[in-house]
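> Below are the chains, spelled out letter by letter.
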Amino acid sequence: MQLDHYLSISQFMADPSFREWVLTGRDTAGWSQWTESSPDNLHLAEEAKSLLLAMGKPDAAVSRSETDLALAESWRRIRRHPVEKQKRMSRLSPWWKAAAAALFLGGVLAWYVSVVRTGSPDSASFSALKARQVEMYNDTETTMLITLGDGSSVLLQPHGKLSYPEFFDSGERCVHLSGEAFFEISKDPDHPFLVYTNEIVTKVVGTSFRIKAFDDQPNIEVFVKTGQVNVRNIKPHGEVSPQEIALLPNESVSFSKKQNVFEKPLPRNAPGKGIESLSFEFTDTPVSTIFSTIEAAYGVDVDYPGEILSECYLSTSLSDEPLPEKLKIICESLGPDSRYEMQGNRIMIKSTGCN
Amino acid sequence: MKPAGHHDPELWNLLMDGDEEAYSGLFQKYYPVLISYGKSLTSRHVLVPDCVQEVFIEIWIYRKSLAVPSSVRAYLLSSIRKRIARRLERDHVFRNTRELADLEFSASFTVLDEMITDEETRSQVYQLNKLLNQLPGRQKEALYLRYHQELDIDQIAELMQINPQSVSNLLHRAIKHLKMLTGEFPALLLLLSTFLS
Numbered sequence: 001m002q003l004d005h006y007l008s009i010s011q012f013m014a015d016p017s018f019r020e021w022v023l024t025g026r027d028t029a030g031w032s033q034w035t036e037s038s039p040d041n042l043h044l045a046e047e048a049k050s051l052l053l054a055m056g057k058p059d060a061a062v063s064r065s066e067t068d069l070a071l072a073e074s075w076r077r078i079r080r081h082p083v084e085k086q087k088r089m090s091r092l093s094p095w096w097k098a099a100a101a102a103l104f105l106g107g108v109l110a111w112y113v114s115v116v117r118t119g120s121p122d123s124a125s126f127s128a129l130k131a132r133q134v135e136m137y138n139d140t141e142t143t144m145l146i147t148l149g150d151g152s153s154v155l156l157q158p159h160g161k162l163s164y165p166e167f168f169d170s171g172e173r174c175v176h177l178s179g180e181a182f183f184e185i186s187k188d189p190d191h192p193f194l195v196y197t198n199e200i201v202t203k204v205v206g207t208s209f210r211i212k213a214f215d216d217q218p219n220i221e222v223f224v225k226t227g228q229v230n231v232r233n234i235k236p237h238g239e240v241s242p243q244e245i246a247l248l249p250n251e252s253v254s255f256s257k258k259q260n261v262f263e264k265p266l267p268r269n270a271p272g273k274g275i276e277s278l279s280f281e282f283t284d285t286p287v288s289t290i291f292s293t294i295e296a297a298y299g300v301d302v303d304y305p306g307e308i309l310s311e312c313y314l315s316t317s318l319s320d321e322p323l324p325e326k327l328k329i330i331c332e333s334l335g336p337d338s339r340y341e342m343q344g345n346r347i348m349i350k351s352t353g354c355n
Numbered sequence: 001m002k003p004a005g006h007h008d009p010e011l012w013n014l015l016m017d018g019d020e021e022a023y024s025g026l027f028q029k030y031y032p033v034l035i036s037y038g039k040s041l042t043s044r045h046v047l048v049p050d051c052v053q054e055v056f057i058e059i060w061i062y063r064k065s066l067a068v069p070s071s072v073r074a075y076l077l078s079s080i081r082k083r084i085a086r087r088l089e090r091d092h093v094f095r096n097t098r099e100l101a102d103l104e105f106s107a108s109f110t111v112l113d114e115m116i117t118d119e120e121t122r123s124q125v126y127q128l129n130k131l132l133n134q135l136p137g138r139q140k141e142a143l144y145l146r147y148h149q150e151l152d153i154d155q156i157a158e159l160m161q162i163n164p165q166s167v168s169n170l171l172h173r174a175i176k177h178l179k180m181l182t183g184e185f186p187a188l189l190l191l192l193s194t195f196l197s
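Residue numbers (our numbering), protein chains in the order written: chain D, 1 to 355; chain L, 1 to 197.
So that you can see chain D by itself, here it is in the shape it has in the complex:
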């Protein structure tokens, strides 16, 4: 029998049939019979057995019903996740269908062109493997909050359009903007975030900034609130200029479409209204005040148990964080039993109080 060749305790311990025999008594490999034959390495088997018994079995800390409850919660949270929600919303919106049809036609055309030009469909089938693009157009009169797959927030102004992948692949995080938007980018140094407009590309790692790029206006403007931002122009034939201009907090730069050049970056005070005018530096501030600030900045409603949280004060800096991150930090600071849920423009805070 090959069991006679085991030279160490660990070889016995690593044998699944041996473990099964020791821990459950089920003997599928004839271990009882083997021990009765008094093999030379029996003492090793006995010590392995003692050690296994001393380590016991992983405890079943969670019952089946608890697991099923957790699974139900998991699906609820998935359905509410911004990525899944936008997917579902897109499915319902007729505008999206039109856009999808346009994208599909575009895709077919691109495929046709690539086949005709190169005789091979490889490039088209490769792009089909990539994440689907979501396009959001703000046809309302108020700011629209968009949460991206990486947790970044975008406040899209009326008549602005943002297209982005439903999830970001490895590599760079690229979105396309036309119109005006304020970005708060989740920090991820390995995956730079790039905003393309027709004429310029803006590159950041994790920061907040505003871009105004309307098709019917002569200039594009980039204003940096926090962090560092690099901008480059895109030449008429689509090539990105190697020269980049670095912007620091509270600097803005204007790009003239006509002359295809950037003007000199200028220091600029934060706008008197909108999210940039609000401070997210809180020192011993009641959470109710923090929630009001968030309501004002993002145009959302925050529901929270006011009485339970009336004695809760926080000191925290949230200036540089996208909205989901801000909410997460607040909930985690309140205490282990606090969480948030986002449904469109409504945010619900669940909390049993601060500790």
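Just so you know, not all the hints are guaranteed correct.
As the list claims (entries may be wrong) - Not everything, but these chain D residues come out facing chain L in the computed CB check (under 7 angstroms): (1) 57; (2) 58; (3) 67; (4) 70; (5) 72; (6) 74; (7) 81.
Stated by the list, open to error - Quick list of the computed label-pair ranges, beta carbon to beta carbon: (8) L:28 x D:352: 48 to 58 angstroms; (9) L:68 x D:303: 38 to 48 angstroms; (10) L:7 x D:242: 34 to 44 angstroms; (11) D:188 x L:126: 44 to 54 angstroms; (12) L:68 x D:43: 39 to 49 angstroms; (13) D:158 x L:7: 43 to 53 angstroms; (14) D:133 x L:17: 12 to 22 angstroms; (15) L:110 x D:72: 25 to 35 angstroms; (16) L:7 x D:219: 55 to 65 angstroms; (17) L:68 x D:343: 30 to 40 angstroms; (18) L:113 x D:305: 45 to 55 angstroms.
Rather than coming from a laboratory, the hints here were simulated on the basis of the structure.
Glycine residues also receive a C-beta, built at the ideal position from the N, C-alpha and C atoms.
Using the hints, position chain L against chain D.
Relative to chain D, chain L alone:
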């Protein structure tokens, strides 16, 4: 025991294609495992279910960009470990707590008493158990991952973010310590020699 993960790659592939039953199947199989491993890594047990949820939810959300892990069990255990470490680190920063952010494996091994038939073995096993539970956290964690979760040395190394040699060293030290204290465990020397090989 059947190889615990023999259906996992199939389920994972189905999950990547958006099969909701495959997600539910993996969730039901591994939720209890991740909860119990998670709770052994931090005294703040209340954090653990939420961290496990986040691990699973992100797998679903980012399923299309994931590769099939060579061991789903090792991948999930590693994910929950990183997730809890990150959560503790953030809490440490934002709550100004003095709490140590490092993970410390603190679960105790429990003797499998119902499988012991004679008193001599019982007293030996309980003595061993006591010594096992006094081992430093990292040594216990290596033993737990090796024999409770059935990971191999390389998987443990990746999970604990140390090199395979260090895993062998942890197990080596654990066994050496047991031997030193019992004095009646000569064959354990051979045990560590195979860990080192």
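> Now look at each hint and say whether the structure bears it out.
Hints, verified against the model:
A distance limit of 7 angstroms between C-beta atoms decides the matter here; for residue 57 of chain D the minimum to chain L is near 6 angstroms, and the interface restraint holds. For residue 58 of chain D, the interface hint holds, the least distance from its beta-carbon to any beta-carbon of chain L being 4 angstroms, beneath 7 angstroms. Among the interface hints, the one on residue 67 of chain D holds; its C-beta lies about 5 angstroms from the nearest C-beta in chain L, closer than the 7 angstroms criterion. Evaluation of the residue 70 of chain D hint against chain L yields a held restraint, the C-beta minimum of about 6 angstroms falling below 7 angstroms.
With a least beta-carbon distance of about 10 angstroms to chain L, the hint placing residue 72 of chain D at the interface is violated under the 7 angstroms criterion. For residue 74 of chain D, the interface hint holds, the least distance from its beta-carbon to any beta-carbon of chain L being 6 angstroms, beneath 7 angstroms. Given the 7 angstroms rule on beta carbons, the hint for residue 81 of chain D holds: about 6 angstroms separates it from the nearest Cβ of chain L. A beta carbon spacing of about 28 angstroms between residue 28 of chain L and residue 352 of chain D contradicts the range 48 to 58 angstroms that was offered as a hint.
Checked against the given bound of 38 to 48 angstroms, the beta carbons of residue 68 of chain L and residue 303 of chain D, roughly 41 angstroms apart, stay inside it. Evaluation of the 34 to 44 angstroms hint for residue 7 of chain L and residue 242 of chain D yields a failure: the beta carbon distance comes to about 52 angstroms. Between residue 188 of chain D and residue 126 of chain L, the C-beta spacing of about 50 angstroms keeps the proposed range 44 to 54 angstroms intact. At about 42 angstroms, the beta-carbon gap between residue 68 of chain L and residue 43 of chain D stays in the expected band of 39 to 49 angstroms.
For the hinted restraint 43 to 53 angstroms between residue 158 of chain D and residue 7 of chain L, the CB-CB distance of approximately 51 angstroms keeps it satisfied. A hinted range of 12 to 22 angstroms holds for the C-beta pair residue 133 of chain D and residue 17 of chain L, which are about 20 angstroms apart. Between residue 110 of chain L and residue 72 of chain D the beta carbons are some 30 angstroms apart, a value that agrees with the proposed interval 25 to 35 angstroms. Taking the beta carbon of each, residue 7 of chain L and residue 219 of chain D are about 59 angstroms apart, inside 55 to 65 angstroms as hinted.
Our hint of 30 to 40 angstroms for residue 68 of chain L and residue 343 of chain D holds, since their Cβ atoms are close to 34 angstroms apart. At about 47 angstroms, the CB distance of residue 113 of chain L to residue 305 of chain D agrees with the hint of 45 to 55 angstroms.
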